[in-house]
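Please arrange chain F on chain R, whose structure you already have, making use of the hints.
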Amino acid sequence: MTGPSVEISKDLTIPKLFLQQCRKYGASRIAMREKEFGIWRPITWQDYLDRVKLISLGLISLGLERGDKVALIGDNRPEGLWTEIAALCAGGIAVWLFQDSLMEEVKYIIDHSDTKFLLGEGQEEVDKGLSILDECPKMEKIVWDDPKGMRNYEQNVLISLKEVMELGRELDRKEPRLFEDRINEGQGDDIALLFYTSGTTALPKGALLTHYNMLTMGHNLMAVDPCQPTDDFVSYLPFAWIGEQMMSISCGLQIGYTINFPEEPETALENIREIGPHVMFAPPRMYEQMTRTVQVKHLDSTWIKRNLYTFAMKVGYRIANLGFEKKPVPFHWKLLQKFCHLTVHKKLRDHLGLSNIRNAYTGGAAMGPDHFRFFHALGVNLKQIYGQTEIAGISVVHRNGNIKFDTVGLPLPGTEVKITEDGEIISKSPSVFTGYYKNPEATKSTLIDGWLYSGDKGFIDEDGHLVVFDRSKDVMTLSDGRLFSPQYLETRLKFSPYVKDAWVIGNERPFVTAVTCIDYEVVGRWADEKKLNYTSYHELSQKEEVCALVAHQIEEANKDLPAPARIRKFINLYKEFDPDDDELTRTRKLRRAFVEERYANIVEGLYGDQGIIHIDTTIKYEDGREAHIKSDLRVTNWPFQRSKQWNYF
Amino acid sequence: MVPKSGLKEGDVLLELEDVHMYFGRVAALVEVSLQVAKGEIHSIIGPNGAGKTVMMNCINGLYKPQRGSVRYAGKDIGRLSPHRRAELGIARTFQKIELFSGMTVLDNIRLGRHIHMKSGIAAGSIYAGKTAKEELSHRRFIEEEIIDLLEIEHIRHKTVGMLPYGLQKRVELGRALALEPELLILDEPLAGLNLEEVEDMARFILDVNEEARWKVTCVLVEHDMGVVMDISSRVLVLNFGNVITDGTPQEVQANPEVIKAYLGEEDLYATRR
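One line per chain: the protein sequences are R and F, in this order.
Under my numbering, the first residue of the first sequence is numbered 236, with each subsequent residue one higher.
Under my numbering, the first residue of the second sequence is numbered 5, with each subsequent residue one higher.
Bear in mind the hints are in silico, worked out from the structure with no lab data behind them.
Beta carbons: idealized from backbone N, C-alpha and C, even for Gly.
Please note that the accuracy of each hint is not assured.
Pairwise CB distance ranges (calculated) [said to hold, decoys possible]:
no.	chain 1	residue 1	chain 2	residue 2	range
1	R	Glu861	F	Arg29	47 to 55 Å
2	F	Lys219	R	Ala835	50 to 58 Å
3	F	Glu102	R	Glu832	50 to 58 Å
4	F	Ile101	R	Arg760	44 to 52 Å
5	R	Asn635	F	Ile101	49 to 57 Å
Dumping the calculated DSSO-like pairs for lysine-lysine here, alpha-carbon to alpha-carbon at most 27 Å [to be verified]:
no.	chain 1	residue 1	chain 2	residue 2
6	F	Lys122	R	Lys383
7	F	Lys162	R	Lys540
8	F	Lys219	R	Lys383
9	F	Lys137	R	Lys270
10	R	Lys383	F	Lys42
11	F	Lys162	R	Lys581
12	R	Lys582	F	Lys219
Okay, chain R solo, but in the shape it has when bound (with noise of 0.2 Å):
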């Protein structure tokens, strides 16, 4: 396997990287592929450079200057990486957008990054820019690419890709050289991308980040666990996910591998199993998702193929075991494992498009142990990744053959890691941000001296892995005065298919509570085949049989946990938590603060002795409208009853 041949230099740009890599590979290899009307069509580095230049031009013609703002909102296309990659050849930086933020959210972004072009991918996009259009003054052009529905605008405001291209060939007629000037002047100094953070507590804070910042990040990661030209990668997470940036950009363009995009994001599990792509970067809910798929498939598997299963999975679980506890695998556990390999494994993971993997990585929010550990049972070399957008996206990684499931591993060559006096995890490399745009304040309390602060709490083990236990003020308490981390009990209870999201409480508390939210599919099914009728999410939520059935699935994550941390009460919420309404963040972490003061009469009942909760609440809809919801809520109490009516499993 060959390493990053490419040398990082305070010289080198992402637009100088990627003119040189266009030349060297040229017309001959492909860049990226597209899976359009059915088919995967290839295009080549040169036509990569082709239209990167064109678009650049056209942006410059449109009176894009250096250290300008360029906002992206769309789906993974190749039009948007062509446009992000335009932007930074011409000087300009690079500002994305999550496809489903509210107007809000995309009104402050804009606003605060003061955006002079916003590149939508089409109708929907549009609409968002012009509603916002008289609140951004400093807001130019909005430039759309997909022509579907938009047969009706005539806008001055607005302007096709195709005809920014077509403003950026005359340009190159009158100025041949101009692009490639452009690229020269750049300095590995200049800020690249100005990424708005999630923020589970406040409004978001716009992290400047450098070409220096973004190159040396992958060029370190990729020291770590190198790639080959020849690998696949399949770009379908937000391009406003730091990650995907590491990925498509940063690695992609050192690497050369070809990046994949989906046909819709509806098709991206398909599309992914059509790649076997090589190496991945996914939050944990989308390995979420898939064990999901597969313990659901099981469920509903005949009975051979589920003992086959049941068996081959106790055989993985055997070997991932002794590979966490760097034992050596004995002969006759490595024929089972081939057998096991053969019958089961090998085929779980073409369905799962992990037929290829050598690396796949997660990394933006905790992973509970029980994922971790099926996805090595199955063979897959799933490591844990943090950081943060602030240092580029990653600081610390596990590496091949030393993976601890507890821990997220060791820090990139080129990286520090500490823990100070409190227990916070700081970090300093080259990767590090330059400072939050128009928020000194933010800045100084989070970059002192070239340290990073995260605000997350860990600690360095004895092998030298970095555990994150973590953010500082999610540590709970407990009735015993130990300290505990409610994402812990909050992963293992996401092991279940039946539970899609939990909220644990207890902090300062005499005991801990849960709040739930089945899957609605899931559970759904399991009803259908217990002859339950339900007509809604809410009803299903409530009936006394479905609490039962979540009730043992708190008793299995209940079952390794020291007494005061097991969970006592539990209710199942009437909805799914949802970013609309605040309660996760776009890449759906818990935001604790708001759903403690949003619930806050939920909370009280079940720290209450009533057997009942009472609501009375209105809920949003994406539209605007807006709905009131009267009902009650069911609170189920230790110890859990188990009905010996119901066979769970």
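Only chain F this time, still in chain R's reference frame:
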């Protein structure tokens, strides 16, 4: 029949004149006349049992009216069977979904291409040369024009019977479009859909009607007054087989007889909103 005011001779695509339809002694349609101009969305509304679906069946040939004429692009089609009318460019969707539920989405849409297939059974079973090329061009049409338009990429290989109702409705529209129709009859395309699905479907209908690629004239039977009044060029109101009025959405909403026919039906403007 003389074209309505404002229309020229060649503008009228579909014309029903003095159509009567009886089932035994029940009069389903009495003296019904309708002119649909090229490029418009002409909606037919009326209470349940007003004869809307019967009228649609008369247009596409499932029923043959006892009296009156049905003319399409200037030609009398009253005697033609449904499949001959389909060849002329009349496609339709049904109130109750009429898909092949055991087949995939793609196969259902392919069936709509049937009338454009030139190769016979023999050539098809060998599948080489010209036949293969033809198949590919049809497949391409389906992918680029229909699946992309209706946003059903994620279900193309799914069995229709397993899909939620809203998606089945979309597939049915897809199959009708595969025929590349000039006139599209939509029989309650929004019935049973949730708000989001209604908005999607209304968008698709407008796309098909307005997009330069399609420019399909639509006859729309629908109960959702919000959508009907929003997207129609003209609206015809039926009650007990009689035409009450035929005019622009504004005219129809102001017509006292329409209000009377709908009296007691509070949901005239608020079926789903």
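message: Does Lys42/F sit within 27 Å of Lys383/R, going by the straight-line distance between their CA atoms?
response: 23 Å, holds
Does Lys581/R sit within 27 Å of Lys162/F, going by the straight-line distance between their CA atoms? 25 Å, holds
(Q) Tell me if the straight-line CA distance from Lys582/R to Lys219/F falls inside 27 Å. (A) 48 Å, violated
- Go ahead and decide if the range 49 to 57 Å is satisfied by the Cβ distance of Asn635/R to Ile101/F. 54 Å, holds
- Has the given pair, Lys162/F with Lys540/R, been kept, meaning a C-alpha gap of at most 27 Å? Given pair Lys162/F, Lys540/R holds - Cα atoms ~24 Å apart, limit 27 Å.
**OP:** Using the Cβ atoms, figure out if Lys219/F sits within 50 to 58 Å of Ala835/R.
**Re:** With Cβ atoms ~57 Å apart, the hint holds.
Verify the CB-CB distance for Glu861/R and Arg29/F against the hinted window 47 to 55 Å.
52 Å, holds
Satisfaction of the hinted span 44 to 52 Å by the C-beta atoms belonging to Ile101/F and Arg760/R: 23 Å, violated
Given the hint that Lys137/F pairs with Lys270/R, test it: the Cα-Cα distance must not exceed 27 Å. Roughly 22 Å between the alpha carbons, so the hint for Lys137/F and Lys270/R holds.
Is the Cα-Cα distance between Lys122/F and Lys383/R 27 Å or less?
-> 31 Å, violated
Review point. Is 50 to 58 Å a correct range for the gap between the Cβ atoms of Glu102/F and Glu832/R?
Key: At 52 Å between Cβs, range holds.
Does Lys383/R lie within 27 Å of Lys219/F when you go C-alpha to C-alpha? Given that 27 Å is the threshold and the Cα spacing comes to 14 Å, the pair holds.
Figure legend: structure checked against the earlier numbered hints; hints not met, in rising order: 4, 6 and 12.
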